[in-house]
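Visitor: What follows is the residue order along each chain.
Protein chains: 2
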Amino acid sequence: MTNTARAARTSEIDVLVSEVGPRDGLQSVDRTMPTAVKGRWISALADAGLREIEVGSFVSPKLLPQMADAADVVAGAMTIPNLKVLALVPNVIGAKNAVAAGARSLTMPVSASRAHSQSNIGMTPEQAVQQVAAIVDLRAGTPDLRLEVGISTAFGCTMEGPIDEDWVIELALAAAEKGADSVGLSDTTGHANPTQVRRLFTRLRSELGERSGGAHLHNTRGQGLANVVAALDVGVTTFDSSQAGLGGCPYAPGASGNIVTEDLVYLLESMGLRTGVDLEALIEARSIITEGLPGEDLYGQVAEAGLPKGFRYARHR
Amino acid sequence: MTNTARAARTSEIDVLVSEVGPRDGLQSVDRTMPTAVKGRWISALADAGLREIEVGSFVSPKLLPQMADAADVVAGAMTIPNLKVLALVPNVIGAKNAVAAGARSLTMPVSASRAHSQSNIGMTPEQAVQQVAAIVDLRAGTPDLRLEVGISTAFGCTMEGPIDEDWVIELALAAAEKGADSVGLSDTTGHANPTQVRRLFTRLRSELGERSGGAHLHNTRGQGLANVVAALDVGVTTFDSSQAGLGGCPYAPGASGNIVTEDLVYLLESMGLRTGVDLEALIEARSIITEGLPGEDLYGQVAEAGLPKGFRYARHR
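If you read the sequences in order, they're chains A and B.
Residues 5 to 321 (the numbering used here) are what the first sequence spells out, left to right.
Residues 5 to 321 (the numbering used here) are what the second sequence spells out, left to right.
Bound conformation, chain A alone:
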């Protein structure tokens, strides 16, 4: 950990960048990154100043063998100081496994598209909301359990096309009523535009107040950071992203490309918004992906172009 990164880590932040590469990124790659390399990658990401990392998914290893070591990965990540470790769970069975592995912060997708919901988690949206309730009930034995829900395909769906916005908000409210600590919106398949992002997050924040969650945006059509600017405008302060742009949803055909963490951090810092992340350390961590998945394509313009001459972090302005 560099001195700069350490300084970044202890400073206040304006926007929370939630790294999803070890989960969303790795699950979309056919090969499996070795568990030990995952551990080193997660440590390096935390050392670079990331405060929240989604480290794995508690799904059947038959569906996603890349995530079969999720329990070990969670256990390792939980030893890193000052890091919020998120585990994705598709249902209450996954949630029990995650809790058994030591996870205390879970995230669950509830898809607004019926077709996507069925193909992604084998349930209707209403059944998914019932699973939210069942997971919340686990608090009886694990009082410090937190559950974040993300409404998938909130901005459109590769299979269904446009998604009714009233329905998206209705689902978000239902998840909150069942006890989810926060509910965010996900552009799972790269359909969102800035006008829609402003409109839907404004409604979400108006309906859910402090329980309105972050934005999970994809760059499928190059619109990812444009949508971040729109979300920032209406007060969103948490964004998911994936280092080197690894990832996407394997069950949504044509959906690829989480927004790139390096490019997102650069955007925020250059706008004067503190992320706590050290970009040089973050870019260095890309080499660990290559080590664990030799030859895998890495994306991101900032890593390629480098920081511009005279670049200053928000905390130094």
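Hints may contain errors.
Which copy is meant is left open, so a pair is good if it fits within one copy or across any two.
To be verified - Result set (EDC-like, lysine to aspartate or glutamate): computed pairs, CA atoms no more than 16 Å apart in a straight line: (1) Lys-100 x Asp-148; (2) Lys-100 x Glu-164; (3) Lys-313 x Glu-164; (4) Lys-313 x Asp-168; (5) Lys-182 x Glu-211; (6) Lys-182 x Glu-130; (7) Lys-313 x Asp-301; (8) Lys-66 x Glu-284; (9) Lys-88 x Glu-56; (10) Lys-182 x Glu-295; (11) Lys-313 x Glu-214; (12) Lys-313 x Glu-130.
Hints in this document: simulated from the structure, not taken from any laboratory.
Could you slot chain B onto chain A? The hints should help.
Guide: For chain B alone, coordinates are given in the frame of chain A:
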């Protein structure tokens, strides 16, 4: 020309997309696209609904042999109905040649960075402003001559780093005082961030009013469309872009990548802003680049991912 494209062409627009591929794009490629192919490409772009195209640069063919046929290209483009043909000129000599070729709308760069100004056009910024005055004087013999100035490196420079914003505005005012019809701002080297874009264009518009020009943004660090959203916020309605992301400034090391026209049009239309451009016809025109420059890299996420299911143009909303 498809019926859809023809309909698009005759409709009203909210935002003007100014295509710079045939100039900014082609001058950054080492090989030269044959003149006849340039002509067909420009026609196809106009058929797709683009109303303004920067077709060439009147610089010394020793410096940019790719632009040696600029006079022929301008003459051909001037025969296309309802198309505003722009020619780039670095000085009054280039302007005279452009006018002789039939061009009536010129664009001239005035760089805010002294180092970039010297390497790009061999003049100080003050000397460039004097050239603006000399070009405006050509109106004595050519009353319908229009001159648009773009302040290059307005948001930062690869060689000098940050550029003083007062100085950028001072230069823009000086160019307007010398008689430029409009003055825009260019992020020549991909330094701009949305906060800065809002701040500088707000000042420009406040100082120049109706003579404030458009935004020429690059995607060097992936921030191009994020900066477009910021510029739209403060009232900018003209944006330069390059089909397939061809281009950049060959004299600014590390600067590459105009924003991609296809991705820009998609952004604007999906936000409900009419561009008059037919995306399918635009994407088809990419094949002409490949014909003229076999093997050249083409960029753009929308062309790769395709339009999303249920996509609707702004004019159909």
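Visitor: For every hint, state whether the structure bears it out.
Guide: Comparing the hints with the structure gives:
no.	hint	verdict
1	Lys-100 x Asp-148	within (14 Å within a copy, 75 Å between copies)
2	Lys-100 x Glu-164	neither (32 Å within a copy, 56 Å between copies)
3	Lys-313 x Glu-164	between (45 Å within a copy, 7 Å between copies)
4	Lys-313 x Asp-168	between (45 Å within a copy, 14 Å between copies)
5	Lys-182 x Glu-211	within (15 Å within a copy, 54 Å between copies)
6	Lys-182 x Glu-130	within (12 Å within a copy, 66 Å between copies)
7	Lys-313 x Asp-301	neither (27 Å within a copy, 27 Å between copies)
8	Lys-66 x Glu-284	neither (37 Å within a copy, 40 Å between copies)
9	Lys-88 x Glu-56	within (5 Å within a copy, 51 Å between copies)
10	Lys-182 x Glu-295	neither (42 Å within a copy, 58 Å between copies)
11	Lys-313 x Glu-214	neither (39 Å within a copy, 33 Å between copies)
12	Lys-313 x Glu-130	neither (52 Å within a copy, 24 Å between copies)
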